[in-house]
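Trainee: As a plain string of letters, each chain reads:
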Amino acid sequence: MRSGKLQFVMGLLAFLIAWLWIRFPYEMFGAVKKFVAASGQVDPLTLHLRGEFVESNLGTAIEPDGSVTVRLIAQQFNFVPQCVLVPVGRPIRFRITSADLVHRFSIAVTNDALEVVPGHISESQIQFDKPGEYGATCHEFCGAGHYDMRSRVLVVARDKFPKSTPEERLTCASL
Amino acid sequence: MLLFKTFFRRTHVKAAMLALGLPFLVSRTKLPQSASPQPPVRVPSYVAWTQETIDAANSGEAIRGLVIARRCAHCHGQEGFSSDPLVPNLAGMDKLAIWKELNDFRDGKRNSAIMGPLAAELTVQDYSDLAAYYAILPIYPDPADPRSFPQLPSPLTHTAVAARLISGGDGARGIPPCQACHGPIGRKMGAPSLIVQNSDYIRLQLEEFASGNRSNDINMPMRVIASLLNDDERQSLASYYGSGAASTPVGASAPAK
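The listed protein sequences correspond, in order, to chains A and B. For the first sequence, numbering that gives the first Met the number 0 assigns the number 0 to the initial residue and increments by one for each residue that follows. For the second sequence, numbering that gives the first Met the number 0 assigns the number 0 to the initial residue and increments by one for each residue that follows.
In isolation and in its complexed conformation, chain A is listed as follows (with noise of 0.2 Å):
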């Protein structure tokens, strides 16, 4: 019993440890991971015909009360849309769906990696802290041009970032 509550607090140490090490340079980049679930369904054949993942609906959206919500599809070999625009300090979700095979949205300098399952929706949610250009790359092999599936996340400060109505959906060419 004795050795039981022994591992059970050296297991506790161990853990914390290991969640310093991960969690505080990733905060000293600016960028913190909230959030992750797997959150829906959809069919990947379809996303172009009905639904939340139709083209006119990808984008950044500003939601009435005011947060906001980026819509993503991952699919050989792009990202679309291939650059997204967001707000400076405010918790962003992203919800990504592919349309073929296994990807995943690694936005560079954060802890964000998300994995991509055809018919599923990932969501995270994340913060950026600092305005700037953040590279984001696909992290699991995807075939032919998997090494070139590279988009961008173009972070702005509030005042730059253009005024919308919840209707629209921004990318950085709305900059």
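What the hints contain is simulated information worked out from the structure, not anything from laboratory work. Certain hints may be false.
[Stated by the list, open to error] Quick look at which bits of chain A chain B covers, simulated, 3 or more residues with Cβ under 8 Å:
(1) 45 to 53
(2) 108 to 122
(3) 161 to 171
[Unchecked claim] Just a few of them, taken from the derived set where beta-carbon distance is under 7 Å, the chain B residues facing chain A:
(4) S35
(5) P36
(6) V40
(7) A47
(8) G170
(9) A179
(10) P183
(11) G185
(12) V223
Everything numeric in this text was worked out from a predicted model, so none of it was measured. Just so it is clear, CB atoms sit at the ideal spot from N, CA and C, and this is done for glycine as well.
Place chain B on chain A using the hints.
Mentor: Positioned in the frame of chain A, the structure of chain B alone reads:
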């Protein structure tokens, strides 16, 4: 009570209960759904590559396609090599690509004053037959036939730019290699094979994709990629494909005779 406790001490029972219970718990944790209104839905193409669609597109008979293709031969050529560089070659073209484009022409998803009415005259089974016919035509034109393909070889600078994009893409800008989807290295569902294609046609389509005038690519891969290319690169790719050099994979040696 004692029996109950010993039962639950068994590790494998605990593990089984955890395995049963976890998916249920996970599926219950859900973020609040957003209530933002969607913009009006714009559909690029009514074709979706479900199994039924693929089966329908592959169900054609080449011999029937040969008869139907008589009305296409005036522009697209008897052997699938067109006499006008602005008209695509269809020899050896991907089955699914032909089938999808004909559907899009009929639905008005791809705009063409010529192809729209022509596609509307045919049935979906005719599309499959035509696709089966053109897919089996050889991709090497008859050298004695004075058609427009291959066009003049492109200048060396163009070749270098195009070969780099076709084989390796440009990672820094997120441009994937062309041959990963359009052959001969890899194929993507519904992507046309660009092995023997006319230069003017390629350049026009790249410009139309970049400007959004042509918007029938499902999930917009080509609109994204074409808008990332600059004018010089579009011209380079066009003249490279037009010169027939893409019939072997870039970087590979010529096939043994």
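Trainee: Hints numbered earlier in the text: which of these fail when held up against the supplied structure?
Mentor: 2, 10
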